[in-house]
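A.B. asks: Protein chains in written order, with this note's numbering: chain A, 1 to 325; chain B, 1 to 325.
Copies of the same chain look alike in the list, so a pair counts if it fits in one copy or across any two.
Quick list of in silico lysine-lysine cross-link-like pairs, DSSO-like style, CA-CA up to 27 Å: (1) Lys243 to Lys285; (2) Lys87 to Lys116; (3) Lys248 to Lys285; (4) Lys87 to Lys132; (5) Lys163 to Lys174; (6) Lys150 to Lys248.
Since the hints were derived computationally from the structure, they do not count as laboratory data.
There are 2 protein chains.
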Amino acid sequence: MDRNSFLEGSYLALSGGVGGAKLALGLSHILEESLSVVCNTGDDFSHFGLKICPDLDTVMYTLADLNDKDRGWGLADESWNFLDAMKTLGHDNWFQLGDRDLATHVTRTLLLEEGKSLSEVTQHLCTQLGIKSLIIPMSDQNVATKVGLKDGSWIPFQHYFVKEKCAPEVRAFKFDGIDDALPGPALEACLKNSDLKAIFICPSNPFVSIDPILSLPGVSTLLKEHPAPIIAVSPIVGGQAIKGPTAKMMSELDITQSAFSVAEHYASLLDGYVLDNEDHSLEEKCQTLGIDTHITQTVMNSLDDRINLATECLEFSKLILKSRI
Amino acid sequence: MDRNSFLEGSYLALSGGVGGAKLALGLSHILEESLSVVCNTGDDFSHFGLKICPDLDTVMYTLADLNDKDRGWGLADESWNFLDAMKTLGHDNWFQLGDRDLATHVTRTLLLEEGKSLSEVTQHLCTQLGIKSLIIPMSDQNVATKVGLKDGSWIPFQHYFVKEKCAPEVRAFKFDGIDDALPGPALEACLKNSDLKAIFICPSNPFVSIDPILSLPGVSTLLKEHPAPIIAVSPIVGGQAIKGPTAKMMSELDITQSAFSVAEHYASLLDGYVLDNEDHSLEEKCQTLGIDTHITQTVMNSLDDRINLATECLEFSKLILKSRI
Numbered sequence: 001m002d003r004n005s006f007l008e009g010s011y012l013a014l015s016g017g018v019g020g021a022k023l024a025l026g027l028s029h030i031l032e033e034s035l036s037v038v039c040n041t042g043d044d045f046s047h048f049g050l051k052i053c054p055d056l057d058t059v060m061y062t063l064a065d066l067n068d069k070d071r072g073w074g075l076a077d078e079s080w081n082f083l084d085a086m087k088t089l090g091h092d093n094w095f096q097l098g099d100r101d102l103a104t105h106v107t108r109t110l111l112l113e114e115g116k117s118l119s120e121v122t123q124h125l126c127t128q129l130g131i132k133s134l135i136i137p138m139s140d141q142n143v144a145t146k147v148g149l150k151d152g153s154w155i156p157f158q159h160y161f162v163k164e165k166c167a168p169e170v171r172a173f174k175f176d177g178i179d180d181a182l183p184g185p186a187l188e189a190c191l192k193n194s195d196l197k198a199i200f201i202c203p204s205n206p207f208v209s210i211d212p213i214l215s216l217p218g219v220s221t222l223l224k225e226h227p228a229p230i231i232a233v234s235p236i237v238g239g240q241a242i243k244g245p246t247a248k249m250m251s252e253l254d255i256t257q258s259a260f261s262v263a264e265h266y267a268s269l270l271d272g273y274v275l276d277n278e279d280h281s282l283e284e285k286c287q288t289l290g291i292d293t294h295i296t297q298t299v300m301n302s303l304d305d306r307i308n309l310a311t312e313c314l315e316f317s318k319l320i321l322k323s324r325i
Numbered sequence: 001m002d003r004n005s006f007l008e009g010s011y012l013a014l015s016g017g018v019g020g021a022k023l024a025l026g027l028s029h030i031l032e033e034s035l036s037v038v039c040n041t042g043d044d045f046s047h048f049g050l051k052i053c054p055d056l057d058t059v060m061y062t063l064a065d066l067n068d069k070d071r072g073w074g075l076a077d078e079s080w081n082f083l084d085a086m087k088t089l090g091h092d093n094w095f096q097l098g099d100r101d102l103a104t105h106v107t108r109t110l111l112l113e114e115g116k117s118l119s120e121v122t123q124h125l126c127t128q129l130g131i132k133s134l135i136i137p138m139s140d141q142n143v144a145t146k147v148g149l150k151d152g153s154w155i156p157f158q159h160y161f162v163k164e165k166c167a168p169e170v171r172a173f174k175f176d177g178i179d180d181a182l183p184g185p186a187l188e189a190c191l192k193n194s195d196l197k198a199i200f201i202c203p204s205n206p207f208v209s210i211d212p213i214l215s216l217p218g219v220s221t222l223l224k225e226h227p228a229p230i231i232a233v234s235p236i237v238g239g240q241a242i243k244g245p246t247a248k249m250m251s252e253l254d255i256t257q258s259a260f261s262v263a264e265h266y267a268s269l270l271d272g273y274v275l276d277n278e279d280h281s282l283e284e285k286c287q288t289l290g291i292d293t294h295i296t297q298t299v300m301n302s303l304d305d306r307i308n309l310a311t312e313c314l315e316f317s318k319l320i321l322k323s324r325i
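Start from the sequences, fold in the hints, and give me the full structure.
C.D. replies: Shown next, in the form of structure tokens:
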């Protein structure tokens, strides 16, 4: 790969948490300052009076190489004494807040209370952590993902995801506040920037990680209008999600658990779709949606896997651009 | 000592931080539910958006037997990973916030934001920590101790005490907000309770720990009017402070560094004064102020020392009461 060939122009990645952050890390290794990663903020919530942005934090910690590689979330070298003391003080500790992690939430809460926007706060945190790529909250306004259950009730996403461990059957999702939210200023600037060379939808949960971003007023239209190719990487491999409840949700929503269903879900937006080797049999079916496809190893176990997949995504975007000439 | 002889009626102690908490602990061992400790809140401040009440916390941790005995402040088994991460995020870490300690401040801030009073929050924290005695903030309103320096400027107490390590020369103190503050409801109830058998002024800094309590509107009058004997324990032994800047402040305020000066400072309130064996030569001079005196070991190194001094204070208060009959 000729790394320099990607450093002119800019690139955008849409990401949720852990799965998306893996590809974002690969892209960031190659693109550095040329990459912007817009993160879902629908999972954000207030806990113990602190503003917590799980997807922003995961991407931030991953790109700063501070994330815990074994646990899969949170910070490395973490301790849990705050949480232990909170338990002594009678709090319900369903959400794991590490002592180091807490510094992020305390800083964010403090700066937001001082009147800074979530974009400004995120930029400040990223600068302090030495992150070269730009990490963008999808919006500076509050959007709250709610999970609709079979009994007709709606629960906040973190309650579903962490407290209930994704056990309840889902029937729908909604993003409270989305109609009044604006795309983050840096996201809007990205999508209006003619230097933007490609847009990647990371292998994140389509329903609760990527859909909130796509549902922001104007974002779908800006994406469709932008000439840069839009390429998604399937979060489903061999009918299963690498991580998280995507496949379980598909089954509960009566959607076939397959990489093809994700292509269908994004179809109106996509120029390209990256499937895992294991799903090569779905390639032709995906192409019937009018989408270019690329087959490779999408399962990212090592840093090299992340960088390799990122490289293939970048080269795939170049191929799509070339094919248009 | 007949412990039961003290358990009828109630007792009040006025305390600052570490020094006062030692006697409060001794009293609490004997009196349990019969003891109320009113703490100075003039040192309280907001840090990283969190409400911190150093004297309340010290007394709380001490009475819950959670305090660090070697360090002399904060919690035992403490870790400092939050603070380390805050440093990475660019914060100035002049105030030491341990990971466990943080749970207290986060809980307090959360409950205050929910509309609870500082008295209610303190009661909640004490209940969770299993503290039998009642710990009372001197007021539910904010009072901010300011330290007047020789150059005419005023700095917040924690800046003087922690950031500047008490190095600047002082010329005066003021308690911003004191005129609009009310004594905490439990303090007022205590001082109006005819079952109150004795009031102890712990060996705390008279100028910045006890004076804020005494300066609250109505408190001095209620103290003077209450028939219970008021007994102070000298924080100065052999002309030196056991801990903290009391003696240094006296020198800078042109007050003789001696236990007698403290007796003089409180004279209009006191019925009894407890001096250390080392200061026996000052006993007669103190009596000229119209105050009964008691000489004993006031330096408290062990838990036994704390309980012994508390016992002597209680017996001294009984003697004073008897002498009135």
